[in-house]
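Here is how the chains run, residue by residue.
There are 2 protein chains.
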Amino acid sequence: MRVLILGGDGYLGWPTAMHFASQGHDVFTVDNYLRRRIALDTNSEPLISTPNLQERARLFKSVSGRTIDVSIGDCCDYDFLRSVFERCSPDCAIHYAEQPSAPYSMCDYRTARLTLDNNLTATFNVIWAVKDVAPRCHIIKLGTMGEYGTPKIDIEEGWITIEHKGRSDRFLFPRQAGSLYHTTKILDTDLLWFYVRTYGLMVTDLMQGPVYGLRTPEADLDPRLIPNFHYDDIFGTVVNRFVTQAVAGIPLTVYGKGGQTRGYLNLNDTLQCVALAASSPAEPGQLRVLNQFTEQFSVNQLAEQVQRVGTRMGFRVEITPIDNPRKEAEEHYYNPAHSELLKLGLKPHYLTEDVMGEMLETVAAHRQNIDPAKIMPRVRWKN
Amino acid sequence: MRVLILGGDGYLGWPTAMHFASQGHDVFTVDNYLRRRIALDTNSEPLISTPNLQERARLFKSVSGRTIDVSIGDCCDYDFLRSVFERCSPDCAIHYAEQPSAPYSMCDYRTARLTLDNNLTATFNVIWAVKDVAPRCHIIKLGTMGEYGTPKIDIEEGWITIEHKGRSDRFLFPRQAGSLYHTTKILDTDLLWFYVRTYGLMVTDLMQGPVYGLRTPEADLDPRLIPNFHYDDIFGTVVNRFVTQAVAGIPLTVYGKGGQTRGYLNLNDTLQCVALAASSPAEPGQLRVLNQFTEQFSVNQLAEQVQRVGTRMGFRVEITPIDNPRKEAEEHYYNPAHSELLKLGLKPHYLTEDVMGEMLETVAAHRQNIDPAKIMPRVRWKN
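As you go down the protein sequences, you meet chains A and B in turn. Just so we're aligned: the first sequence equals residues 122 to 504 in the working numbering. Just so we're aligned: the second sequence equals residues 122 to 504 in the working numbering.
Since the hints were made in silico from the structure, they are not lab data. Watch out, some of these pointers could steer you wrong.
Given that identical chains are not distinguished, each listed pair holds provided it fits within a single copy or across any two copies.
[Stated by the list, open to error] Subject to a maximum C-alpha distance of 20 Å in a straight line, what follows is the list of computed SDA-like cross-link-like pairs (lysine to any residue):
no., residue 1, residue 2
1, Lys286, Tyr454
2, Lys252, Lys503
3, Lys252, Pro446
4, Lys468, Pro338
5, Lys182, Ser143
6, Lys464, Glu425
7, Lys273, His285
8, Lys448, Arg291
9, Lys182, Asp238
10, Lys448, Pro256
11, Lys252, Arg501
12, Lys286, Tyr455
13, Lys448, Ser419
14, Lys468, Tyr333
What you are looking at is a predicted structure, and each value in this text was computed from that prediction instead of being measured.
Let the hints inform the model, and build the full structure from the sequences given.
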């Protein structure tokens, strides 16, 4: 397969590129380093600095013999993106090229506008490049479980049949998200669905939960191939933040009551899911929605696991809830379906104590880089 | 009340401005003439040319004694829009400032991108201007009944309670539209709802059907105050197109089977609805959705009424279905609720034979302006 990965320098993009290349596919990547620029601007750089995408590809070639093609440019520039599609003729385009931080999208007008413009325009341009240049290309779009929010009913995989006043019809599952970033993913889905049903495009929209993990078979080939690890309040997910706080001896910053429950998955399972989606594409005119996570935890459960494993490893781990900077339900019903990827063949890697221990070890090996100024939330979006 | 009308030069914007001014409110208008530019670019200029917004305001002042403030500028320019809100301190902002043509949004990449960028950015900027400068300002947003599409279940007014596997919750009514233009209105609603529930904004989202009519009490004060009348395939609604075709002796161009059913309303009822919404604002944190139409017709019913009235007036009116240039259901279930505006006090003006006759007379008085090149659809969005 010819696989085009948009956002190839990201936490998911880079491991995905190595994974497809190691399986013998022709891999093309695009990135404009937006995440690196925002990380620099907001003092949110990763714990472990990583080479740029060109250097990563060169390093990977030297250890694996596999080539990853790199184009540096902006998916919001349609002439550029179209020329990439023309040159690559992809069978599959994996679209990760979005501003991925919820807190960043909630800072101020400028960051909100950048998030809205960047994410919608990138998705719009991918749709048009496929429609104009590669109509048989399967789009795999990274959505988020956050599109659904935390409704009081069971969350289905993308679609729901609604019975109403004696009649029924099938609709996209209702979505209402907790940040502007998550809301842009809702808008992406709406845009994709419009163009899918109008022009018969083939799209898989992956509703992914937060991903954790730093090790993949390919990343393990050389320490400089490690995925990005952010532990700050802008780009760091809760797992990364807690692991880093445990190593640094800073009490784990549970936001509010800590009952916020989400579906999580291991980075290796993201790679499996995307590969499974690529190998059995959506049909023309189908918007296939897959809920991509393997197990669900509350924030309190994660904090307790980090405390348990960290304490056993000799770290002093306390848990100190802080005022929640976000507007979100801190205790809620949560029962999302996630069977379709299992049916396609996903073999989950769970968040065991061993996996947690490995993350703590990796972070401990770079503890000298931990900057306590990055720990506490800097963005509030409560009234 | 201090009323700010965004898109004040439009088919609805200009009559709305005159209506609020004549009731003694302080009226401020903004427009960047986007519709005039697109009409020029696409050879879609109105049947009756109208003075620019500054001249319209001057004329209206001379016949009514009422002042309408005019700012020429782009709602997508946040510095400009924010300065307008600062200067006006509106109690109510009526947001019509969008690219309103479905066919234009479906021409090509450039027109689609313009529609997406313009409509989303204008809405985003209105939200931020209110949040930053005028948090007690009630936003009245013009949505469209087209957001709902033509589902197989009854359409409620914006919200629906879904019972699912023994639990229930309330959600925005599912929406899937027939053009990119209509889809941008769905995205607008999603954006508004996110910011409403996060920051407690006050928003009324009017799901309006196609509007017809050229006469309002204020427009009747001087012929140069007439609302815009487009009869082309880009900006002309089906009523305008049929009325013009009847006068020109061109067979009425029913698209496909003609069973496409929508809710319609008289321009005077739009003015009533907006005034009713303004005088009883949404609550803080409420996204109030009102379905704004008074009666529903199929395309065939409209064609038959135009034929009946036109023939009686001496026009030779034939009906000749043509291949449908749009991807849409030509026969479908349609049962949308529309009781909330009636409860607020709306007194409907129906599409009687007299009203149809008046439109035919007005168009006949300008028949020398009818350009047959504007009659047939120039944009297709079928596969």
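Hint compliance check: list the failing hint numbers for this structure, sorted ascending.
6 and 9
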